[in-house]
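The residues making up each chain are set out below.
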Amino acid sequence: MTSFDILDRRSVPASAAAPSSVARFRVWRGVSPSLVLAWLVLATVLLWAMAPGLFTAYNPVEGVPGGQLKAPSAAHLLGTDSLGRDLFSRIVHGSVHSLTGALAAVGVGLLAGTTIGILAGSVGGWIDDLLMRLVDVLLSIPTLLVSLSIIILLGFGTFNSAIAVGATAIAGFARLTRSEVVRVRRSDYVEAAFGSGGSFVKVLWRHILPNSLTSVVAFTALQFGWALLQISTLGFLGYGAPPPTPEWGLLIAEGRNYLATAWWLTAAPGLIVVIVVLSANRISQSFGRAGS
Amino acid sequence: MTTPILDIRNLRVSYDANVPHCAVNGVSLQVFPGEVVALVGESGSGKTSIAQAVIGVLQGNGRVDGGAILLNGTDITRWSQKRLDAVRGAVVSLIPQDPTGSLNPVMTIGAQVREILTVHGKARGKAADRRVIELLTKVGLSQPEVRARQYPHELSGGMKQRVLIAIAIALEPALIIADEPTSALDVTVQKRILDLIDELRWEFGTAVLFVTHDLGVAADRSSRLIVLKGGEIQEEGATADILVAPQSAYTQRLLADAPSLSAPARIVRRSRAGETPLVAVENLIKDFALPDGGVQRAVDGVSFGIDPGTTHAIVGESGSGKTTTIRAVAGFERPTSGRILIDGLDARTLKGETLRQFRRKVQLVYQNPLASLDPRQSVFSIIEEPLLNFAPVARDERARRVAAILDRVGLTQATLARRPHALSGGQRQRIAIARALILEPKLVILDEAVSALDVTVQAQILSLLAELQADLGLTYLFVSHDLAVVRQIADSVSVMHEGRQVDHGSVEAVFERPTSAYTRDLIEAIPGRRRQSQGARPNPSETAEGYPA
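From first to last, the protein sequence lines are chains A and B. With the first letter of the first sequence counted as 1, position 243 gets the number 243 in our numbering; the numbers rise by one all the way through. With the first letter of the second sequence counted as 1, position 435 gets the number 435 in our numbering; the numbers rise by one all the way through.
If we strip away everything but chain A, and leave its shape as in the complex, we get (with noise of 0.2 Å):
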């Protein structure tokens, strides 16, 4: 899992003190041109997400006949797909749908895991032991295995498939949040709030959690792009959204058996999930430097 290496080495710094206000003068003034560009590639795929009217005319699930599988020109951007539907404007449409879908698996994950990983981290004891050997199985289970699993179980959709990702994501949130917490907690103010009279909701409240999440809030920016990877994933393998959604999982496939013709069709949407997928990493390091 490449995403802990990334956190372990920016948990490290994370423990220092925030920075005063003349460091992030500082940041804000050497904001690299990576990360302006990164949050522009978000942006434009959240307006995509929101008015895609503005950006195409053309209906996403109705062909137009004669008009199969076009190559890129003036009048159709990126060509069009067998049916003889644009496929600018399926990109467009089926932002709302690989993003709600990402959005929902993150924020799953972000819910139990963390909550797990508060609970592991500060209770301690069995309770730790009990759930973190859970959260072992989870791990040692790979992890498109437990998405198909899942997904079996609920049936087959958009919102099924967040949750099947949602819940292999689990695992990694509950392991970063419990290290940050039991971290936080052997430290000095945490007893020295406890030795003031604290009750254990309130130091975990008052000390614990904003010391502990900062991390996690780095993790989630970079398990949303993660999470958009594994929902395209599905949607390619046919367990996603349902034909003829436009989800981006789903655009590759379909224009999988046009690939020695109309190479576009798998190439355009592929392109826009690794662009987005690069995008949410890139906005992910630059919150842990920021924690850091």
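Calculated directly from the structure, the hints in this document are not laboratory data. Keep in mind that a hint or two might mislead.
Claimed, not checked - Where chain B lies over chain A, by a calculated footprint (3+ residues, C-beta under 8 Å):
hint, stretch
1, 205 to 212
2, 222 to 231
Unchecked claim - Label pairs and their computed distance ranges (CB to CB):
hint, chain 1, residue 1, chain 2, residue 2, range
3, B, A399, A, G125, 37 to 45 Å
4, B, Y15, A, S149, 54 to 62 Å
5, B, D129, A, V217, 37 to 45 Å
6, A, P142, B, R131, 54 to 62 Å
Note that CB positions come from ideal geometry on N, CA and C, so glycine has one too.
Start from chain A and add chain B according to the hints.
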């Protein structure tokens, strides 16, 4: 007139940071063959930067801005790292501060000592092996053949420092730079290491540039003293002269603040015989389970009592069980057996709500103020927090009390909005004390509360503590490894060694008539004693007897 081994002329060192920072500003000093020059200063005085500049190992963002460093008459200031390699170890060597971080954990110590011999081509093969054993014997390691095959984690801190000294003297350099060589060690170990450096100096006639923050150590071991502050020399001269008649105001203050050099400050001893003690610890025992199923006894039958309004000190070296003892008293650790009575409450049986109420009466101040303050909270919320844990106090009343207590510990109201990292070490410790005091506790436990602070700041905090005790009638349980500090502020003392209490009684009794050999060793090892017991002239070749009353 002999040539000095080390001749630093008008050295300037600066660090590139957000704001360029000048660490050493025009320092000139000379070290002659066979002499020990102590470079004394508080943190940030530039003493380590000077030492690092001499051997060319300044940190990445540091550079020499001007001046010259002459080693045996040769200017090495602009030498490349490659050229310096030939000099480092052979002509000048370094004994670093942190023995653990300075040894390679995956190499045996024999291989590490051998490395310096082979790198410089001084010995190889069997001859090198023999020389390694010779060196390890010389620095006083028992069973050198066995030690040579061990890894750093198998040795204690003092043994590791001996290995580093063996590496430093391997090529019999003309100059050894000792950068705080003993500040990470216990006081009795410190004395043995310093004695060793002294002996080796006599034997080889090596000059030593001794970098330290501890005036007591400098007074004992050096022939000349250079006092640094803010990257500039404040005073320079023969150690004996400076100690007797310091010229600069800064040195005078430094001398007055050093607990090991100034006379005991406390004159009025309070004895309140007849009163019930606030704290009574009886036969305290604490066992820890080991992973292999065994049991380690950290505290073994400790008993003491503390009268209200007095200070009791627990003294011991690392691993003596002193921290475990006070954590049990503070209710953070459950003793295996024994009784801890504080103001009539038995700390052993407390749980839940009663434990919370108990903590109102007992507050703990930690050694490291930065680690004990939440980095995300402002000073105001840190000090206010204990008030939120008990019966509700109105917001205005809370603000008033925080302001009052801040005033008490000698901080301005402007600090309220700041965060711990924006404050100095002394200010942070004052905040930690303010947080402990806002609940108006009866007993304040100070766990090495002044050990991490510079000597002048330490003196300020100690006098603040004395003042607060007089005004508020506080009772202190003071944990320290520093006997000099303890003599200054405590009324009674327990000396702990390997979990047992080896000496106990009033400070006068324990210091003047120690009953155990260990306590005598500890008192013997206080740096700065030689000067006190022998008057003005320190003589490093003699050991002092007796203790000044």
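Okay, the hints, checked on the actual structure:
1. 205 to 212: holds (count 4)
2. 222 to 231: Violated - the stretch 222 to 231 of chain A has 0 residues with a Cβ nearer than 8 Å to chain B, which falls short of three.
3. B:A399 with A:G125: 37 to 45 Å: holds, 39 Å
4. B:Y15 with A:S149: 54 to 62 Å: With Cβ atoms ~58 Å apart, the hint holds.
5. B:D129 with A:V217: 37 to 45 Å: violated, 55 Å
6. A:P142 with B:R131: 54 to 62 Å: holds, 58 Å
In summary, the numbered hints that this structure violates are 2, 5.
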